[in-house]
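Q: Kindly produce the complete structure, drawing on both the sequences and the hints.
Going down the list, the sequences are from chains C and F. Heads up: the first sequence begins at 216 in my numbering, then just goes up one per residue. Heads up: the second sequence begins at 38 in my numbering, then just goes up one per residue.
If you are wondering where the hints come from, they were derived from the structure by calculation, not from laboratory data. This list has only true hints and no planted wrong ones.
One-sided and incomplete, this derived list gives chain C residues near chain F with beta-carbon spacing under 7 Å: (1) Val225; (2) Pro240; (3) Gly241; (4) Tyr247; (5) Ile250; (6) Glu295; (7) Val297; (8) Tyr298; (9) Asn302.
It should be emphasised that the depicted structure is a prediction, and the values quoted were computed from it without experimental measurement. Backbone N, C-alpha and C define an ideal beta-carbon position, used for all residues, glycine too.
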Amino acid sequence: MATAAQELAVHEKKELVSKEEKTVPGRYYIPYTDIHETDEAITVVMEMPGVEKKDINVSLENDVLRVDGQIDFAKYEGMEPVYTEYNVGPYTRAFTVSNKIDQDKISAQVEDGVLTLTLPKAKEALLRRISIG
Amino acid sequence: MALFPDPFETFPGLQQALDTYRTSGWLQPGLSGGGTYPPINVFRKGDDFIVITEVPGIKTSDIEVQVKGNTIRLAGTKSVTYGEKVSLHRRERLAGRFDRAVTLPIEINPEGVKAECRDGVLALFLPRAERDKPKTIPVA
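A: Spelled out as structure tokens, the structure:
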């Protein structure tokens, strides 16, 4: 349980430094992520403010979990910045998942700009408790 | 006057425009009180102003927006919770209280202020007070 007692500090957005270049110039950002694990599943929680549900793409391939979130820039049309403190851009992040994941049972949920991914562990990866007879 | 032909045609254009106004002199330093969270972007749309801020994971009921004169105040609490009996692998999301007051160099019509929160983005629509609007003086 995290306490909410302290003053919240500004978390400057982390820009993606990529090995390969993107075809579209512009900056991508790395969503701040919490990952926690229980006996049954791994939960990935990502902050992607401004990304609509339909613009989130989650894939798992060769044990690499990749999440992309696009921003709808049309929303800024006709608006002229006068003072800015942060920048906006699409989000992207990838993790290598070590445990065997039951790919068919991955579930995703978005609420208030926070994506929660639940990755249930595959049966064979589940912890078996062996009782000593 | 927009500096770019159409900064919003592509996202690099918008990013560039946002960079240009990074801590521009529009909002005088020292006038804002309290904390620095959440970071804000201020836009002009016609006569009116829009303040946008990113508040992912904060419930609408946990955000308090107040307007007094030309000062806006954003206060609230962000909490990050985990279930019982979990092992944490990564913890990057921050939690805590926030209270920020910003004094804008324009006069707002407090009756017309609207707040909207969607996908973790809070937008405040601030209509400019009628008497603060620039007047066009016809040249005789």
